[in-house]
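For the protein sequence lines, the chains are A and B, in the order given. Per this note's numbering, the very first residue in the first sequence carries number 1; after that it's consecutive. Per this note's numbering, the very first residue in the second sequence carries number 1; after that it's consecutive.
Note that these hints are calculated values from the structure, not bench results. Glycine included, each C-beta is placed from N, C-alpha and C at the ideal position. Each hint should be verified, as a subset may be incorrect.
Calculated Cβ distances over 10 Å to all of chain A for the following chain B residues [what the hints assert, rightly or not]:
| no. | residue |
| --- | --- |
| 1 | D23 |
| 2 | T26 |
| 3 | R29 |
| 4 | R53 |
| 5 | H96 |
| 6 | N102 |
| 7 | Q121 |
| 8 | Y152 |
| 9 | Q179 |
| 10 | P182 |
| 11 | H184 |
| 12 | F188 |
To give a feel for the contact side, a few chain B residues facing chain A, derived at Cβ under 8 Å [claimed, not checked]:
| no. | residue |
| --- | --- |
| 13 | S28 |
| 14 | K32 |
| 15 | K35 |
| 16 | R97 |
| 17 | L105 |
| 18 | E106 |
| 19 | H114 |
| 20 | T187 |
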Amino acid sequence: MMLQGNIYRNIYADIQQSFGKLWACKERGNSLEIVTPFATTSQKFISVFLTLRVNEYVVTDGGWICEGIYENDFDREEDCFSKILSHYQNSFDVQETIASADRIFYYKKTSNIQAVPSILFDLATFVASVVSAAGIDFVDKFEKENKIRFSKQANTFLLNTFSKDRIKLSTTLDSRKQIRVNAIITKSPSQISLINYITGSNPYFFNNSISKTNFILELAAKAEERIFIDSTICLIDDFSDGYIPNKISTFLNHLEDNTKTKLLKWSQKERISHLI
Amino acid sequence: MAKEIIYEIKNNYDFYNGLCKEDKLTNSRVIKLIKPGNNKNILEEATDVRHSRFTNNIKLLVAVKRHNHKFFQFKLRCTDLCQMPFFRYDSDGEAHRNYDSNIRLENQQVTTPHFHYYNEQGINIAYKTPQLKKEETRKALEDIDICVNHFYDEAKLISTSGDVNIEIEPNLLNFPAFQEDPNHNVTFI
Chain A
1 MMLQGNIYRN IYADIQQSFG KLWACKERGN SLEIVTPFAT TSQKFISVFL TLRVNEYVVT
61 DGGWICEGIY ENDFDREEDC FSKILSHYQN SFDVQETIAS ADRIFYYKKT SNIQAVPSIL
121 FDLATFVASV VSAAGIDFVD KFEKENKIRF SKQANTFLLN TFSKDRIKLS TTLDSRKQIR
181 VNAIITKSPS QISLINYITG SNPYFFNNSI SKTNFILELA AKAEERIFID STICLIDDFS
241 DGYIPNKIST FLNHLEDNTK TKLLKWSQKE RISHLI
Chain B
1 MAKEIIYEIK NNYDFYNGLC KEDKLTNSRV IKLIKPGNNK NILEEATDVR HSRFTNNIKL
61 LVAVKRHNHK FFQFKLRCTD LCQMPFFRYD SDGEAHRNYD SNIRLENQQV TTPHFHYYNE
121 QGINIAYKTP QLKKEETRKA LEDIDICVNH FYDEAKLIST SGDVNIEIEP NLLNFPAFQE
181 DPNHNVTFI
């Protein structure tokens with residue numbers, strides 16, 4: 001029994017030592033990148049970034065989740081992923097900030113230096129969990145790829161068309177943060193335009209995309225913030241495989257009649273400046 | 001389980017080996033990075049690659065972060081084999097885990113900069129060349145212009161017009177070209 005106890009203690013010491021060696025760091029200007037032993041299901045080790053601001057220690061993901069540095073997708077409009085993200089964000093009390101139109105940072109902070117390991121533990125677990133969850137195929141693979149493709153194309157187009165300080169991508173309209181749209185363009189301090197993207201890898205998914213947009217715009221019309229909405233525009237991906245006019249026109253016409261939204265085909269996207 | 005298996009590579013490993021280990025030619029002496037890819041913050045350019053034996057379509061992709069020119073990737077892709085790059089170099093970014101329980105845990109972690117290839121099981125493996133392990137040469141390879149030629153050597157790429165140069169878009173807005181701190185200028189309320 002004594003011998004076995006010694007073996008266990010040796011193995012335990014080896015585990016501790018081996019885990020300990022997985023920590024690494026790299027100076028990055030005024031921040032320190034800390035490579036942690038936390039890993040994703042896609043064989044990536046998580047890095048977090050420690051920055052001292054005034055009297056607070058901030059630990060962030062460096063914007064890497066949003067940027068897809070872990071070769072991850074990041075689609076907050078995907079319902080299942082969005083629920084998982086919210087679950088981990090609430091559980092670990094992780095804050096988020098939008099640094100510019102297309103950069104979202106997740107972070108935790110403390111003024112107590114003793115609490116830094118604790119918030120780092122939370123943030124690294126959060127990042128590892130979210131990045132791993134992003135690798136799950138919640139929907140049809142082609143549909144997922146199609147949606148991400150169009151979303152990236154449309155985001156890039158908007159960022160190239162309007163100045164960055166006027167755009168918020170994948171953002172919520174309401175204070176409860178429940179009505180999420182693809183983009184909000186600020187026209188004046190009290191006037192905004194809501195932009196939604198509609199696409200689908202086949203007519204079924206295309207109609208789903210229309211239905212979801214219809215529902216979001218109905219909710220937007222009831223929100224307290226509706227008084228700020230100057231216009232709503234739907235960018236229609238007429239290059240996608242799901243765009244088969246005779247199979248989607250009923251849904252599209254209903255969307256237009258019901259919400260009074262402006263439909264703008266991707267092939268005519270340059271006209272957006274005239275609509276806002 | 002914490003590994004991804006690329007079955008297209010695992011099931012065609014002889015072809016994969018030929019793609020990686022046999023000579024490949026490119027014509028361009030200068031690769032110009034002026035167009036953003038899907039991500040507005042990253043400049044990307046694709047160059048045609050001719051394999052010495054295979055006629056498949058192969059591309060060399062070069063990508064660099066607009067505001068941190070030390071953060072770049074070189075990737076070789078052959079979509080006839082699989083969608084993801086079959087050989088890659090990361091100058092910066094996340095550390096990789098080489099998933100193999102025969103390797104001691106602490107040695108499974110490979111920080112950047114590193115190369116990537118796939119083993120016979122179709123599992124992505126990262127490694128450092130002797131030049132990347134040595135601090136002096138690693139530092140020099142932070143320069144994309146120097147590193148591209150190291151990538152050519154490692155990937156068995158041959159430029160038919162001599163050493164390759166990378167030209168990055170003129171910095172018209174005077175953004176810092178080497179902003180390594182991702183938290184720089186971000187407000188955490």
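**Item:** Enumerated hints in conflict with the structure, sorted upward
**Value:** 5, 9, 10, 11, 12, 13, 14, 15 and 19
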